[in-house]
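Participant: The residues making up each chain are set out below.
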Amino acid sequence: MKRTRFSFLRALLLAVFVVFPTAILAQTPQATPPPPAAPRSGSFPKPAERVLPNGLRVIVVPRSNTPLASAALLIKNGGEVDPPELAGLADMTATLLTKGTTTRNASQIAQEVESLGGSLDSGARFDSSTVSVGVMSSKIGPAMTILADVVRRPAFAAEEIERLRLQYTDDITLAMGQPGSIARFVAARVVFGDSPYGHPISGTVQSLARISRDDIVKLHERFYRPDNAILVIGGDISSVNGFEMATRHFGDWKKPATPLPTLTAGMPAESKAGRVVVIDKPDAGQAAVYLARTGIKRKDTDFFRGIVTNSVLSGYSGRLNQEIRIKRGLSYGAGSTLDARRDVGPFLASAQTKNESGAQVAELLVGEINRLVTAPPADVELTPRKAVLIGNFSRNLETVTGLVNQVGLLAVYGLGLDEIDRYIANVQAITTADVQKFAGTKLDAKTSNIIIVGNAKAFLPALEKQFKDIEVIRVDQLDLNTALLRKK
Amino acid sequence: MFANRFRFLLLACFVLSAAFSVSAQTKMPQMVFKDRTLPNGLRVLSAVDHSSPTVAIQVWYHVGSKDDPQSRSGFAHLFEHIMFKSTKNMKSEMMDRLTEDVGGFNNAFTADDVTVYYEVVPSNYLETLIWAEADRLSGLNVDDPNFKSERDVVKEEFRQGVLAPPYGMFEYLLQQKSFSTHPYKRPGIGSIEDLDASTLKDVQEFHSTYYRPDNATFVIVGDFDQQQLDAWVDKYLQPIVKPNRPLPRVQVKEPARTAELRSTEYGRNDLPAVGLTYLIPRQADSDSEPLRIAETILSQGESSRLYRALVYEQQIAAEANASAEMREDQSLFVLTAILAGGKKPEDAERSLLSEIKKLQDQPVTSAELEKAKNQLITDQLRQRETSNGKALALGEAAVLLGDPARVNTDLARLQAVTAADVQRVMKKYFTDSNRLVLYFLPEASKKTAGENKQELRKEEN
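From first to last, the protein sequence lines are chains P and U.
Taking the numbering used here, the leading residue of the first sequence gets 164, the next gets one more, and so forth.
Taking the numbering used here, the leading residue of the second sequence gets 82, the next gets one more, and so forth.
Possibly wrong hints are sitting among the right ones.
Partial list, computed: chain U residues near chain P (C-beta under 10 Å) [claimed, not checked]: (1) Ala213; (2) Arg232; (3) Leu244; (4) Ala245; (5) Tyr317; (6) Asn350; (7) Leu462.
What the hints contain is simulated information worked out from the structure, not anything from laboratory work.
Using N, Cα and C, we set each Cβ at its ideal position, and we do this for glycine too.
Just need the whole structure built from these sequences, with the hints factored in.
Facilitator: Written out as structure tokens, the structure reads:
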């Protein structure tokens, strides 16, 4: 049995406190803020893990300050395994798990879980699929029974497949009415083309129509197996009870004789540098403006350089929001995400603005990426942006759900759980030169793409002054099924 | 002098401590808090919790969108944004320097009845934040360029929240049409025209009218020493002067509805939506608990009645929701459905009404009642996992329910609700004459729906 001691929270919270704001020296007590007192410390959970004989990795993270418990079963594959014609297959499969088993129908599952006061959720993202349940800790026993049943014995009833297909189709229709979600779909296609991260995770109207029960059953057989899964249990429960529950519900889950599926998504196709794509939606109430490009892998040695660089750009006082919202009032919020995945994931910088300001915001997004190289953040700017990252990280671990998610993500990517111990030191070690180098080599604006979804008439003339070769696609001609983006 | 005042104030506060069982096995952790009112009227609620070395600071001002000045809808919310600009001793965005830059965060929200500012910071920054909140309560010092730039931000918030999402305008119209007289009829986000009409002078007037110690409640939860906190409160909050002017309060009462109200509006949505609203009593009313249970039975989770009937079985709706929107003066029970592809709004309306009728005709089963209570308890436990969540619960009890002790007694009130109570409130409030019906249809369907609309107008007359 392998045991991991978690003393990370102490280190992490102490480090939050050594980040002081710019010098504060009081003349009179009222005119300037009083300085911080000495930092205080807290108390921390001690997680444990073991691997069952069938290959299932079980991690228990006890924390008893609130009578809540939560459990998540993660499969180490998600939307990246969808066949090109069947976008949405992994997500539909995961979602269908809770819609009926060989002994419980969808209504009985909902009824049982909700009677416990809890919720049972399932779905796929890229790189993983998850089923999770959260309840008062006194109800974790019956909740685990249902969790195991839906993972191991789903019925995939034809009626439920049709129902979900309709719901997904309606959801896509809804998403296609919003400039922000259209822009995210288009950005993925522009950056990843026809490679595995290029399609919408929940499919398109056309791909959903092609998914059969057989496809779903095969995906489940291939990927839902104990040696491709991780069970994380957290909250007001002892590790002894956690392991006992894991063994009771998952110990006799048979490992198939077939070899494990490979864990690569396939690298994105070389993205064509500097595309500018406008989706013309004449009735859009606002324009969504995105800068999109490839980012990094989760296991890249650049990971911490990447997230610190992203923190300089993003967050309330990040450079994007400073320039676009705080200085110019052009948006309610601007920010960026560096989504590091098993293979190279996307980097997105974005803001929504009135249609008339679409081109100006695009210029500002590009300008801020360039400025990371020409005017990299000195310590006085970098130190607070690191504190933001560390503070967010610590707060995410304050809730049982957050703790379980964080531990689950590390496990899915095959990273040691002790990375949490090192998180703060890793963030603190990043320098101005690191940010400058990362931005110059990994986020170069020249090889990035611009996507604007909105009323093109309002911003196209200005945009044409900034960019050549703008591709304009009317929203009713948009096809998200291929990298071509245009209906034939 | 200092010590005396301190001791005197200790006598004026009370501490609650008790534990009661909320279900067979789960004990709801009780919040032990201190309640202190300073001579200038400012109230301070504090609860020590050392589970993580952070602290949440919230300031609840008893002023909200219902207090927007005449022809200035959206002003209370715009003002909330302005509170992050220059104050007596702080430069614009200095609040971000004191929170975000040290690994904490800040935010604020404006509701119909209250405006709440909050920060979560490493606990050794507590004194700094009390100073900062005292400073912006004492006075603003905003210039015109800062004011106009922030007003533009709020206009983008309007576009992002109301104009860009397909059902943003639906929600806006539902609130607007649900009140005939009470200022709740002006949705808090306001309108572009009213925002454009507002001036820096309005800002100063609003601050001096509503941002005063006797209209503020500080809620502090987390890792601190009670005696030290009390000393900081004495130092930074006690000196703030209470003005002599009276504090204006909305006196308007929303009249009861006398006949069903119907209307049809058009938007950017592809799928039609239907909304029903009913006037229900103010939040502090004892009927709020059975209404909360009814909301949960109708709407929470996939075993809820609306999901079962409209989404799962009849497949009339892509989404169906019920919400008891609690407000200080007059609450609203809202039922909505976004239709599934190819379905008619008339069918969704009929199904929603039929679910209401079932709750009126038959008492809910004890299993369903127990399920709703378990769901509500679990929700509360989740909210109270963090210091900020605990502070929100305490602030709401004090400011909106009028008694901070309700943070510990509300679950017992929920537990006491019977099936007969639920049936009674369903019969009492869900009457034909207390109903508003709004159809929100795709713009594209306007031509074909023209006749339909005329018919509805006739019914209205």
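Participant: Against this structure, judge whether each hint is valid.
Facilitator: So, going through the hints one by one against the coordinates:
1. Ala213: 6 Å, holds
2. Arg232: The hint holds - Arg232(U) has a Cβ within 10 Å of chain P, the shortest such distance being about 7 Å.
3. Leu244: Nearest chain P Cβ about 3 Å off; hint holds.
4. Ala245: Holds. Min distance 4 Å.
5. Tyr317: 8 Å, holds
6. Asn350: Cβ of Asn350(U) sits 6 Å from chain P, so the hint holds.
7. Leu462: Status holds, d = 5 Å.
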